[in-house]
Amino acid sequence: MINTKIFEHSAIGRLLLADKAGRYLIAVLLAAMVLVPLCNLIMPEGSFLYVPTYVVVLLGKYLCYALLALALDLIWGYCGILSLGHGAFFALGGYAMGMHLMRQIGERGVYGNAELPDFMVFLNWTELPWYWYGFDNFFFSMFMVALVPAVLAFVFGWLAFRSRVTGVYLSIITQAMTYALLLAFFRNDMGFGGNNGLTDFKDILGFSLQSDVTRCVLFALSALSVVLAYVLCRAIVSSKYGRVLVAIRDAESRTRFMGYRVEHFKLFVFVVSAILAGIAGALYVPQVGIINPGEFGPINSIEIVIWVAIGGRGTLFGAVIGAVAVNYAKTYFTGAFPEVWLFMLGTLFVISTLYLPKGIVGVVTQMRERRAERNATSTPEQGAES
Amino acid sequence: MKHSHVFRMLVLTLSLLFSLQGVQAEQVVLESEADSALLLNQLISASSTSDKINLINLIASSNLSQRSAVLNALQDGQLYYTKSDEKLVYAITHPDGYQITSVISGEDLGVIGNRKVRKISINNELRAVLRGVLAELSLRSDDVAERLKAAKDLIRSPAAEFLPAIERAKAVETSARVLESLNIAAAMVNLNSDQQLLRLDAIESFRGTLDTDAMSILAGMQLKDSDGNYTEKDDLVRESAAAVLTEMRSKAEIYKVIENTFFGLSLGSVLLLTAVGLAITFGVMGVINMAHGEMMMLGAYTTYVIQLLMPNYIDYSIIVAIPAAFLVSGLVGIVIERGIIRHLYGRPLETLLATFGVSLILQQAVRSIFSPLNKSVSAPSWLSGSWEINGALSLTYNRLYIIIFSLVVLLMLVFLLKKTFVGLQMRAVTQNRAMANSMGIRTGWVDALTFGLGSGIAGIAGVALSQLTNVGPNLGQSYIIDSFMVVVFGGVGNLFGTFFAAMSLGVANKFLEPFAGAVLAKIFVLVFIILFIQWRPRGLFALKGRSVED
Amino acid sequence: MSAVVKSPGFHSDEIQSMLYLSGVTKSFDGFKAINNLSLDIAPGELRAIIGPNGAGKSTMMDIITGKTRPDTGQVRFQDSIDLTQYDEADIANLGIGRKFQKPTVVETLTVWENVELALAGTRSVMRALFHKLSAEQADKITDVIQLVGLKAKTGDLAGSLSHGQKQWLEIGMLIVQGPELLLVDEPAAGMTDHETMETAALLKEINKDHTVVVVEHDMDFIKALDSKVTVLHEGSVLAEGRLEVVSANPRVIEVYLGR
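Same order as they appear, the protein sequences are chains V, F and Z. By my numbering, the letter at position 34 of the first sequence is numbered 34, and the numbering carries on one by one without gaps. By my numbering, the letter at position 388 of the second sequence is numbered 1388, and the numbering carries on one by one without gaps. By my numbering, the letter at position 200 of the third sequence is numbered 2200, and the numbering carries on one by one without gaps.
It is possible that some hints are incorrect.
[What the hints assert, rightly or not] The calculated DSS-like cross-link candidates involving lysine-lysine, where the alpha carbons are at most 27 Å apart (straight line), are:
#1 V:Lys240 to Z:Lys2102
#2 V:Lys240 to Z:Lys2140
#3 Z:Lys2132 to V:Lys20
#4 V:Lys240 to Z:Lys2153
#5 Z:Lys2151 to V:Lys240
#6 Z:Lys2151 to Z:Lys2140
#7 Z:Lys2132 to V:Lys240
#8 Z:Lys2140 to Z:Lys2204
#9 Z:Lys2228 to Z:Lys2208
#10 Z:Lys2153 to V:Lys20
#11 Z:Lys2208 to Z:Lys2223
#12 V:Lys61 to V:Lys202
#13 Z:Lys2067 to V:Lys240
#14 Z:Lys2153 to V:Lys358
#15 F:Lys1522 to F:Lys1256
#16 V:Lys20 to V:Lys240
[Unchecked claim] Derived, one-sided and incomplete: chain Z residues facing chain V with beta-carbon distance under 7 Å:
#17 Ala2092
#18 Glu2113
#19 Ala2128
By construction, these hints were calculated from the structure, which means they are not laboratory data. A virtual CB, placed ideally from N, CA and C, is assigned to each residue, including glycine.
Next comes chain V alone, as it looks inside the complex:
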């Protein structure tokens, strides 16, 4: 194994030293980040080790979902804020990226208008709306990917947490928030492509989005983002701040009477989570090639909750595992038995809340604890127990 001494020299290292599952997760992600592109680009097509491009894209998509799940676990698992509208932050990040990619199309659109995206020409618009300014610049756009979700989260969170809207009420209004955005983005007048959203992207920073290399790079970036986000989230929840979050989750009143401004603590973590979700959306859009209002759908947001719940909330790595596992199952079943998928998903939900409140991670931990117990007591009396 890796020599643990190298960890002790840095804060992050010490953090990971205490987080065995996290170390494995990061190792797997980093390995995938290197190996998957290699197997796609270098291996010959017929080879056993060849990874087809569509698989690279699919895995990249799962990783974006994993990042989104991390964002939700941070607030739900550690602070008890069940957002049923996190898809909104994801979609906003995605739209910011989509707007940049749209501007990159330039004259190659159907109408050949260098300034206006096709859908605006189609709507007989003559000028670029002010809120599209600057999106031709990559760095400005990336800034917006974080800023727009952050601002929405800040305003929404500031209002909600200050007024002490908690529990199911908060969940319901987050759902209303994403629903309102869904309706808004469906409108052509909004200037985001209406029903069809933004699509037909050509390239990013001059690299064609269709090329295998670009796709591999995007995949690697997604993997790296999940690793970095994981470390960030782990650092947050391991700090004293993280313990305050847990205190808020389990005894909000107590925390207030201890003198903590609960609303500030919630607001900070909510905004961080929204930014992570926005980044996930921005990575997602160039890989799947489209962003449309459907991403704001309340059902999408609930699905994120499913991933985290099934993976195991309040563990961070559970969120990543849940997102990948559920989405893999979704890909497999919607392909093989489309009729069965919703039955499966629904049943999975019911069973996981009834019998596996701690998700996959909880089951694994429980099994290992039991084994450890058995090993510990595998002395004389063991026979009487069974």
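Keeping the supplied structure of chain V fixed, place chains F and Z upon it in accordance with the hints.
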């Protein structure tokens, strides 16, 4: 031949009379078919215009059953007679000549060559007379709706020759609405006269009415032509028209408000129906039931199935569907409560997730059984049509019924909760479970029943929704967020709050729509509720006090 | 953020009263939970407040700690600070600690972490993110855990403690918060007789450095506290004085002790 002689005398006398006075109420009573035939056949022989006019008036004032048909055919140039045996026929062009039907016997006489029939010719003078006579015939109809339609037609095509007919109709008209239309029709005619006084009177008579045609005529008088001159040259008339127009418009505005309120209340009633079940499961029991929408969907599908089962009684199937939907959704609700929710009390977020899983299963189940396509549920005939109150305001029956229906459901629910023993137990359990338990109430059973009640009401809402929207697997999803908004806005655990919230949101939505459009209006309402919850986190009519603050 | 002015240390001579309530009224839907209540707690005092259910004890606590705003009346801390202007977090930082009736500790954190969170210090988000525990602070935490008798349980999750131990942990958390005034709501509820007596002793120990107000039902506990007693009834003060005096008051006997 005796008959014939007497008849001729009669015709002559009456002709004289009519030429002076026009058509009166039925005066010519034909006692036999032979008499009718005699009269009608006069049309073939009459040659001069004045003879024809007399004859037309005579037919119009007779008790002939075919009088309208004959005169309409004459007007439309479809009245012919056969050259061979001089039979009066209706003729419709046909590739081989004419398809003819006997006027007197109504017998189908087959197709006949072009040259074997001759048209009963009319000229412009006769056409004018026919128009008047036909209008008057409609105005004399026994059917109020037909009289009203005739009067409205007259408003749209005012012509001086109708004036006497209108005046006569006014004298005998009993329906106030028809009379109003007749007055407007007369005024419309007078408005075209060249006498200032008549015109001023006409304008004055529009005051207090809400006729849109009259309003557009008055508005037209205020327009200027390309040279900047008023199209209406008479200043006095124009100014008085402007004054009356303003008054009419402000009155119409009031009715517009009433109509919007009505639309809003009917939308609110839909919201109320969809939310009131949730007010029980969420508001009273504290269970976040994400499958609530699917309970409505089940209700809608139950309506569809009931209609399939009784295809000959579409008008009544919906009445049967109401209790059926209640039972179906209620039973499914009880199964869900016993199977899942029971294990999750006190863990609202887990309940939310588990019931969402249930909603996915139910959607897919419906999709597998009934196909993913939307099903159409036909509306019973008594739901169509509308109640026209005046020119500016008419309330459709389906909206009216849904308001009444939602109120009835709400009142029955309140009665059930407040006045029955079961309701007492439900309230006892939700307020103090331990106490209720120790008093011997089987709390588990009451929980299941309460949840079943909420679900059953969602099923009833589904029956109503089947009349308003497509019945498909996604029906529930589109209403669930709205329902939650209503319950949260109204204040959890308060049925009156739910009622008030549903109605005010419905009305607000409808009043925003004209300015913002339907989608934006909905967004505004959502944003409003999000902001509202910041202000009153427990809703409009929240229970106050310490007990609920923790 | 409101300006939180730390008062000069306890035992300061300038302060006349630690907590002063005058004419406080609060009603819920027409029901007067607190009716023209006046109360004066001197610095360093140990005061017991008793009263039957519904006498307004918890509402009074809510008002003092900023959870509920009174309809009318004055609530002053250390003579000059108007508590009705602040919320819970402000008031906690001003130096008022509150123990709930039901023990509320963070069950998913260890005993150590619970005390660490309560430890006096800046409560800002950024400080919490980059917080490092100093040796001094660690010693203080150890001391307090020792004081409330949970040394053996330092690394255990608070959720695994017994009911009585949770009560003590909560009291310990209050002490490290470094408050001038402690409000303790029914600390002996659900405790064994032995634990009750220990708790009384603990509170008297704490009273050496802090002003303490205890709300309690248990008469043995009140006797053990041996302090001035205020009897609440229907939202206002019925009687006040030493327990012997108060228990001789016929009105008190009628509404409370007599039953």
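Structure-based check of all given hints:
no. : hint                   : in the structure
1   : V:Lys240 to Z:Lys2102  : holds (25 Å)
2   : V:Lys240 to Z:Lys2140  : holds (17 Å)
3   : Z:Lys2132 to V:Lys20   : holds (23 Å)
4   : V:Lys240 to Z:Lys2153  : holds (20 Å)
5   : Z:Lys2151 to V:Lys240  : holds (21 Å)
6   : Z:Lys2151 to Z:Lys2140 : holds (13 Å)
7   : Z:Lys2132 to V:Lys240  : holds (8 Å)
8   : Z:Lys2140 to Z:Lys2204 : holds (20 Å)
9   : Z:Lys2228 to Z:Lys2208 : holds (15 Å)
10  : Z:Lys2153 to V:Lys20   : holds (25 Å)
11  : Z:Lys2208 to Z:Lys2223 : holds (18 Å)
12  : V:Lys61 to V:Lys202    : holds (19 Å)
13  : Z:Lys2067 to V:Lys240  : holds (25 Å)
14  : Z:Lys2153 to V:Lys358  : holds (26 Å)
15  : F:Lys1522 to F:Lys1256 : holds (20 Å)
16  : V:Lys20 to V:Lys240    : holds (20 Å)
17  : Ala2092                : holds (3 Å)
18  : Glu2113                : holds (5 Å)
19  : Ala2128                : holds (4 Å)
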